[in-house]
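> Generate the whole structure from the sequences, applying the supplied hints.
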Amino acid sequence: MKSDRRLVLLYIHDEVSPGLRARGGASKWWLGKSLTEHARHIENAGGHLTIRTGATKDVLSDVISETGATAVFWNRRYGGPERALDTDLKANLKQDNIDVMTFNGRLLTEPWDITTGAGTPYKVFTPYWKAMKAAYRAPDALSAPKSLSGPDIKGVTVDDLGLQPTNPDWSGGLEETWTPGEAGAMERLSDFLEGPINTYADDRNRPDLEDGTSRLSPHLHFGEISPAQIWRAVQHGISADNFDESNAMVFLSELVWREFSYVLLYYNPDLATENYNSDFDALPWRKDSDASKAWSAGKTGYPIVDAGMRQLWHTGYMHNRVRMIVASFLTKHLLQPWQVGEDWFWDTLVDADQAANPASWQWTAGSGADAAPYFRVFNPITQGQKFDPNGTYVRRWCPELSDLPDKLLHTPWEADNAALKKAGITLGKTYPKPIVDHPTARQRALDAYDTLKEKRNAA
DNA sequence: TTTTGAGTTGTTCGA
DNA sequence: GTCGAACAACTCAAA
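Heads up: the first sequence is residues 763 to 1221, going by the numbering used here.
As a list, the in silico BS3-like pairs of lysine-lysine whose alpha-carbon atoms are at most 30 Å apart:
1) K1061 <-> K1049
2) K885 <-> K895
3) K1055 <-> K1148
4) K1184 <-> K1148
5) K1184 <-> K1169
6) K1195 <-> K1061
Since the hints were made in silico from the structure, they are not lab data.
Have a look at this one:
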């Protein structure tokens, strides 16, 4: 690029173009923090981030006429409505003789790059993962531009976007949990690489451990760190013998699950609303808003489930193991449509992602790609005992159960009156009775899922 | 074209 | 307490 060319750094806050899914509350909070950080970073480098609101098409055309810009650059998006908008935008700009260049800033590879031998997109994770390992080499990092000078055109402030919650401000727990922005992301990565990566294969399943997982998902989602950076850092560590290779590869495989979700989204734009496997259209969900309300409020009476839902509400995050447990509980024990859970997560997760969130919900429900077999119904009691063996996680998020002995912590309904009294618990008052009986609910789920089999056989 | 082996994360039951 | 088998059948991916 010629050195006399100047750059307008522009963020368009577009809430009006058709088809876009409105951001959830937790996502808005993170976005606001992240934009503030990003703007500060750019100011420090001598540049300026311009923020505008409105339809992307209109904003861009204004900015082009104000500045005389001759080219526009952006990173590609993969959701259906986003692709339609971007394709249209590109065509219009080209018609006006504006150069357009788009880049992959979000993924390791484009969703269409890695295909089966037959040229079709992968639908099973393991062969996709093998192909990715064989094909992908992280590019070397480019150095940051020396100067970011550009015209300082008018825009709005981050505050003007109204992204922070007020009345009530529920963001305290998020605030104390996260450091949005590139610096926070880099710190998370280096902390993770300094130790936890070497025990990742087992410890990633332990919600009671503070550092079992990387917790990079929201940073990845908002582009504060790229999967290529992570891949490169991990590969370097493996080559230098700094990391235990098998543990490190499990971590990379999780990064590739994220890629796989984007393949699914790219080829299935309705991923967040429609069953990937349409057989599931016939599944007799129960529509029970009391049940789903108890679930989202963390009042099911199953401690590991409630702990997870409260961690989510408080911090905008839930440990991955617990996500599977609560998702299985909602879709199987309570037989609520997976979309109900997907929606709730969309609103409350700081890492809510249009590919990973629906892909994971569908995986758990059984309707997704490479999904869990229908008879796999997580037992919320044994999962709690296995992965939160000392009850640290449950005690943290359900403090009203704290004084129960470890042995009863995941089954408070089995405590006798003396034990309950000693722990200061009144079931049904200070902590709910189980909303469903596990064996009964499990059987009900298996029966409901069995009807799909019958329908298939009849067809 | 046909065949073959395999497929994220579990639970329960009975020996 | 531990261990292996059953829980289904289907689709995918590659040979």
